[in-house]
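Given these sequences and hints, build the entire structure.
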Amino acid sequence: LAEAGGNKSKAADLLGLKNYQTLNNWMQKYGIEW
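Start counting the sequence shown at 1; every next residue gets the next number (the numbering used here).
Capping the alpha-carbon separation at 20 Å, the derived lysine to aspartate or glutamate pairs in EDC-like fashion look like this:
| id | residue 1 | residue 2 |
| --- | --- | --- |
| 1 | Lys29 | Asp13 |
| 2 | Lys8 | Glu33 |
| 3 | Lys10 | Glu33 |
| 4 | Lys18 | Glu3 |
Don't read these hints as lab results, they were simulated from the structure.
See below:
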């Protein structure tokens, strides 16, 4: 997220995920807050 400037959609794209919701679910699963 830091590399994407806090933009979850851009961060998800950088990680190769389809959308930010997938990233959001992953972050919740592992207790990561932003």
